[in-house]
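Chemist: Could you slot chain B onto chain A? The hints should help.
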Amino acid sequence: MTPLHRDDVDTDQIIPARYLTATDKKGFGEHLFMDLRFENDSLTLKPDFPLNQEQYKGAEILLAHENFGCGSSREHAPWALLGWGFRAVVAISFADIFTNNSAKNGLLLVELPREVVDAMHADVLKNPKEQAAIDLGKQTITWKGQAYTFPINPFVKKCMMEGLDDVGYTLSFANDIIAYEQRTV
Amino acid sequence: MTAEKTKKTLYDKIWDAHVVREAEGEPTILYIDLHLIHEVTSPQAFTGLNMRGLPVRRPDLTVGTMDHSVPSVNRDQFPWLDALAQKQVEMLADNCKKYGIVLHDLQSKHQGIVHIIGPELGLTQPGKTIVCGDSHTSTHGAFGALAFGIGTSEVEHVLATQTLLQNKTKSMAITINGKLKPGVFSKDIILRIIHEIGIGGGTGYTIEYRGSAIEALSMEARMTICNMSIEAGARAGMVAPDQTTIEYLQKRVKFKDDAERDRMTAQWLSWKSDEGAVFDKEVVIDADTIEPMVTWGTNPGMSVGISKNIPAAQTEDITKALEYMGLTAGQTMMGQPVQYVFLGSCTNSRIEDLRISASIMKDRKIASGITAYVVPGSQEVKAQAEAEGLDKIFLAAGAQWREPGCSMCIGMNGDMVPAGKYCASTSNRNFIGRQGRGARTLLMSPAMAATAAVAGSVQDVRTYAHVLPKNTSI
Numbered sequence: 001m002t003p004l005h006r007d008d009v010d011t012d013q014i015i016p017a018r019y020l021t022a023t024d025k026k027g028f029g030e031h032l033f034m035d036l037r038f039e040n041d042s043l044t045l046k047p048d049f050p051l052n053q054e055q056y057k058g059a060e061i062l063l064a065h066e067n068f069g070c071g072s073s074r075e076h077a078p079w080a081l082l083g084w085g086f087r088a089v090v091a092i093s094f095a096d097i098f099t100n101n102s103a104k105n106g107l108l109l110v111e112l113p114r115e116v117v118d119a120m121h122a123d124v125l126k127n128p129k130e131q132a133a134i135d136l137g138k139q140t141i142t143w144k145g146q147a148y149t150f151p152i153n154p155f156v157k158k159c160m161m162e163g164l165d166d167v168g169y170t171l172s173f174a175n176d177i178i179a180y181e182q183r184t185v
Numbered sequence: 001m002t003a004e005k006t007k008k009t010l011y012d013k014i015w016d017a018h019v020v021r022e023a024e025g026e027p028t029i030l031y032i033d034l035h036l037i038h039e040v041t042s043p044q045a046f047t048g049l050n051m052r053g054l055p056v057r058r059p060d061l062t063v064g065t066m067d068h069s070v071p072s073v074n075r076d077q078f079p080w081l082d083a084l085a086q087k088q089v090e091m092l093a094d095n096c097k098k099y100g101i102v103l104h105d106l107q108s109k110h111q112g113i114v115h116i117i118g119p120e121l122g123l124t125q126p127g128k129t130i131v132c133g134d135s136h137t138s139t140h141g142a143f144g145a146l147a148f149g150i151g152t153s154e155v156e157h158v159l160a161t162q163t164l165l166q167n168k169t170k171s172m173a174i175t176i177n178g179k180l181k182p183g184v185f186s187k188d189i190i191l192r193i194i195h196e197i198g199i200g201g202g203t204g205y206t207i208e209y210r211g212s213a214i215e216a217l218s219m220e221a222r223m224t225i226c227n228m229s230i231e232a233g234a235r236a237g238m239v240a241p242d243q244t245t246i247e248y249l250q251k252r253v254k255f256k257d258d259a260e261r262d263r264m265t266a267q268w269l270s271w272k273s274d275e276g277a278v279f280d281k282e283v284v285i286d287a288d289t290i291e292p293m294v295t296w297g298t299n300p301g302m303s304v305g306i307s308k309n310i311p312a313a314q315t316e317d318i319t320k321a322l323e324y325m326g327l328t329a330g331q332t333m334m335g336q337p338v339q340y341v342f343l344g345s346c347t348n349s350r351i352e353d354l355r356i357s358a359s360i361m362k363d364r365k366i367a368s369g370i371t372a373y374v375v376p377g378s379q380e381v382k383a384q385a386e387a388e389g390l391d392k393i394f395l396a397a398g399a400q401w402r403e404p405g406c407s408m409c410i411g412m413n414g415d416m417v418p419a420g421k422y423c424a425s426t427s428n429r430n431f432i433g434r435q436g437r438g439a440r441t442l443l444m445s446p447a448m449a450a451t452a453a454v455a456g457s458v459q460d461v462r463t464y465a466h467v468l469p470k471n472t473s474i
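For the record, the sequence lines run as chains A and B. The first sequence begins at 1 in the numbering used here and counts up one residue at a time. The second sequence begins at 1 in the numbering used here and counts up one residue at a time.
It should be emphasised that the hints constitute simulated quantities derived from the structure, not laboratory data. All the given hints hold, so there is nothing to weed out.
Part of the chain A face toward chain B, derived, beta carbon under 10 Å:
no., residue
1, P16
2, M34
3, S42
4, E66
5, N67
6, W79
7, N105
Computed beta-carbon distance windows for the label pairs:
no., chain 1, residue 1, chain 2, residue 2, range
8, B, G198, A, R183, 40 to 46 Å
9, A, E162, B, E386, 54 to 60 Å
10, A, R183, B, A23, 16 to 22 Å
11, A, N52, B, T319, 19 to 25 Å
12, A, E39, B, D280, 42 to 48 Å
13, A, E162, B, G420, 48 to 54 Å
14, B, Q107, A, G29, 34 to 40 Å
For clarity, every value in this text was computed on a predicted model and none was experimentally measured. Just so it is clear, CB atoms sit at the ideal spot from N, CA and C, and this is done for glycine as well.
Pulled out of the complex, with its shape left as it was, chain A reads as follows (with noise of 0.2 Å):
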């Protein structure tokens, strides 16, 4: 796990707005975090910055705080962080935009107690190596030997599990829409 000890990291953080004017999906990974991980020239690296540390080099984890990725509904802060090669955060909290769009990509959102997730923070500093893994199917989380179970919507549960499509399922349920707008117009 990569350790960010902050509360409130917000999207402009995650992914600055400067770097929203591509037009696909790809290259937003080397863009993650880049006001904190480099100083004001974008080219020398911070090395107080935990994602620039050897030791947490390789990460799948991304172990954050409270209320992770507020502000903008900008999809393109999830595609950053598994871009850089993450496919969970833990936090004690997630932003409500943030959550929906990080469902629609497949970066796991797993949120934790306070206490839990402080003490992670406290070990991971300890012992950078540790690892933690996850059973998306138990809901748990494993870490130092113990299994900490955490909420999910059982409907994304399903999506991330099955690989299911949203507007498939939706399309799915097409007569449904269809009955709508009839009875609405």
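Modeler: Frame of chain A; chain B shown alone:
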């Protein structure tokens, strides 16, 4: 499933009226009445739609404009400095043409920020479900609509199905009782609310704003409040329609005849919470305890009344915010020098905002060393302001009068605040780097920002300007 509620909130009613399909354990399929699109969050959605080989289900319920990445000067000179931004607007034009969607492009007299033009065009109406790939879609809730921001996958979903998969939120009533004091505006109300409930305080809720101080506000002022609902984390914010709403709509909506006008008016006024409807959370604030607010930190909850001091740093996050902002715990914002002033954004770029700013800047000059941008929210606002001579006032004061768009609120079009500089801004977000890398944003009302422009520093509009405009209900 919970038992059917007998007393319903406005949110319950709009929700119920738009349910296409409900099933235990599955998200509700909710019908969308109006889908607004812009150049930044739609290209990948159209690409997805194209790959599926699907049409846009209801191009007649979809409206496009260009706002986020468009230059605010010299935009008819091609190529633009930012080739990618130019490609984005070209893709939007191509996609709208291909799928038969009305687009208010840069040549249109209706072009503007998506949340400014929806109401202007009479498209935003009580009881509607309105979505857009932009978090400030909550603005439209000022008309008693259920309006919220969505991501690009959801934009694609709405294009393909005219519906969204939704789970219902909890409900929150925020009541502002009493009367605002002179010099205090709707921006101050919403900054105070966010300060009070916190930037995550609205997460999982839809907010209904009510009370005598809300009822006294113009539609423009209500839009400012609903606009920043997302800054408290809320899914949406709304105000029940009343006579003020009707007066606005009757000027904007095109009716076939008087009978249709009367029928729609009665229907619009029916959108309100039942007497005695229970909300999951209630917040009450007395209007006369609200004073002009200024942010000092790096999110919209980090704010303080102009007569108060920034609190002592209790957390590492506050220490980091103060460090970024170059401010000190315990200091006041009064007298804080600024180098930039931005009057604009979907929060505060409507005609009333420009009138009040102009009334303060009239016959005055902006302080030396200040760069001031005035960016009207739409071509219609711009034309109205010019008809009233407001542009002349801003230009005579030394401010720049620019073309409509998001501009310096998000800094996607090159309108940016340099690192380390302070900007008195009427926008909605003071996030790190929001207005440019290292930029230091101070959020405030248009009256306070205009005052900062002429003073060169943050001042209390109540005591500095002396010439408060007569209509202070903004």
